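Listed in order, the protein sequences are those of chains U and A.
For the first sequence, numbering that gives the first Met the number 0 gives the first residue as 0, with consecutive numbering after it.
For the second sequence, numbering that gives the first Met the number 0 gives the first residue as 0, with consecutive numbering after it.
Hint data in this document are derived by calculation from the structure and do not stem from the laboratory.
Note that the structure is a prediction, hence the values are computed from the model and not measured.
Coverage of chain U stretches by chain A, computed from C-beta distances (three or more under 8 Å per stretch; other residues unrestricted):
| id | region |
| --- | --- |
| 1 | 2-9 |
| 2 | 19-25 |
| 3 | 64-72 |
| 4 | 123-135 |
Chain A regions said to be covered by chain U (calculated; three or more residues, Cβ under 8 Å):
| id | region |
| --- | --- |
| 5 | 1-9 |
| 6 | 40-51 |
C-beta: ideal position from N, C-alpha, C; glycine also.
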Amino acid sequence: MTEYREERRIELTVNGEKRSVMIRPGDTLLLVLRRTLGLTGTKLGCENGDCGACTVQRDGVPVKSCYTLAADVASAEITTVEGLRDAPVQRAFVEENGFQCGFCTPGFIMNAEALVRTVPEADDATLREWLESNICRCTGYETIENAVKRVQRSED
Amino acid sequence: MIANPIEFLQPDTIDEAIGAWQEAKSDGRRVWYFGGGTELVTGARERAGEFDTLIDLKRIPELSEFDPAARRFGAATRLSRLADECGLPLVAKAAAGVADRTVRNSITLGGNLCSRLPYRETMLPLLLFDATITLVGPSGRRTDTVGSLYAKRLELLPGEFVVSVELPEAATTDGFYQRRTRDPRVDYPLVTLCMARVDGDLRFAVGGAFGYPVRCPEAEAVMSEGPRRNATRRDRELAEAVRVRAQAACDAIPDRLWADMRASAEYRRELLVLALMDGLAHCGGLPHLEDE
Numbered sequence: 000m001t002e003y004r005e006e007r008r009i010e011l012t013v014n015g016e017k018r019s020v021m022i023r024p025g026d027t028l029l030l031v032l033r034r035t036l037g038l039t040g041t042k043l044g045c046e047n048g049d050c051g052a053c054t055v056q057r058d059g060v061p062v063k064s065c066y067t068l069a070a071d072v073a074s075a076e077i078t079t080v081e082g083l084r085d086a087p088v089q090r091a092f093v094e095e096n097g098f099q100c101g102f103c104t105p106g107f108i109m110n111a112e113a114l115v116r117t118v119p120e121a122d123d124a125t126l127r128e129w130l131e132s133n134i135c136r137c138t139g140y141e142t143i144e145n146a147v148k149r150v151q152r153s154e155d
Numbered sequence: 000m001i002a003n004p005i006e007f008l009q010p011d012t013i014d015e016a017i018g019a020w021q022e023a024k025s026d027g028r029r030v031w032y033f034g035g036g037t038e039l040v041t042g043a044r045e046r047a048g049e050f051d052t053l054i055d056l057k058r059i060p061e062l063s064e065f066d067p068a069a070r071r072f073g074a075a076t077r078l079s080r081l082a083d084e085c086g087l088p089l090v091a092k093a094a095a096g097v098a099d100r101t102v103r104n105s106i107t108l109g110g111n112l113c114s115r116l117p118y119r120e121t122m123l124p125l126l127l128f129d130a131t132i133t134l135v136g137p138s139g140r141r142t143d144t145v146g147s148l149y150a151k152r153l154e155l156l157p158g159e160f161v162v163s164v165e166l167p168e169a170a171t172t173d174g175f176y177q178r179r180t181r182d183p184r185v186d187y188p189l190v191t192l193c194m195a196r197v198d199g200d201l202r203f204a205v206g207g208a209f210g211y212p213v214r215c216p217e218a219e220a221v222m223s224e225g226p227r228r229n230a231t232r233r234d235r236e237l238a239e240a241v242r243v244r245a246q247a248a249c250d251a252i253p254d255r256l257w258a259d260m261r262a263s264a265e266y267r268r269e270l271l272v273l274a275l276m277d278g279l280a281h282c283g284g285l286p287h288l289e290d291e
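Pulled out of the complex, with its shape left as it was, chain U reads as follows (with noise of 0.2 Å):
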């Protein structure tokens, strides 16, 4: 059995790298990346799970940092937006200006840098559905998926 009884430092994989951290076992992920490690493309939104401005990948897999404990992803592989390095969903959304003020913009990248991984050929319903995990306050979701489709059509 793992045990966090108190605050512990734990080795967490972020971005291919072994990083060495204090975590308090009520860490958040999101906390941990910010606060810790200085990796601030992860944004704090609402803290709920339901914006998505906190989307990074556990092992690959799109998940909200903002409830993931630290202590709980501390055997997985964390990717954040600074771990993508010119993706070409980051060149897609530039080139199709997804974005206007840019604070969900790290959160849609890792949900749809995942969806074109794993699902590369998802159709329009498949798609949306992944991106409704994200909210863009700005309201941009049309230049966003235009985006998600350069890339799918670049990859065809």
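With chain U held as given, fit chain A onto it using these hints.
Just chain A now, with coordinates in the frame of chain U:
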């Protein structure tokens, strides 16, 4: 973030989990089992200090069992996997209705079944098909049907948790699923209806409308009576008879309709009546009201 100091324990076996629960209880700690964390972690801001110890069940191999051929699924199964890969149409639809995809990538089946939220929508197909649930706790292991274990919520003994669920072969056939929400994107349901014919008998389970999932055999009996032929919108007499029957079925459910900021009880009742009418049309034997 969870502000108050807590313990987070990750047992590797069922015995370790039960032992951790017993130890925490004997120390006077408030202890909860933990799945995806979506409810407990976000809720900790509003209900600070509600728990001292969280016992994460996801590392226990038996809870991660995923066997579509046997229609058996461990409690640690994430809802997105259940929706995508379980091979049981109504189970998949019910799982896919919960929250949004990235949240479903975290929510576990056991967590959803035991949620304190009123919805617990994966319970609907389990009620509909009277699935078998295996529970384990300090007083041992027991396996029984949902019908025996559920009364507004799963009746867990102290320290018990869900190990797995198993559905009968009837669950491999499709049925009717309708989820009505106020917001068409991601929202809690005002009414969710799962309906199917099982061995020729009409069954249905309702979520959202009553504050907890409901299946009511008396209402199913009311719903099953009456004309068995297709009709058109022009066949108003028959259509009205169906509406009357749906209303009667709705009224045969003794549970009190729920009212909250999303909808009144009257509005939920009307949505449920409409869903029952659509469900009947889909499941056959009663009018297809959309056809001319």
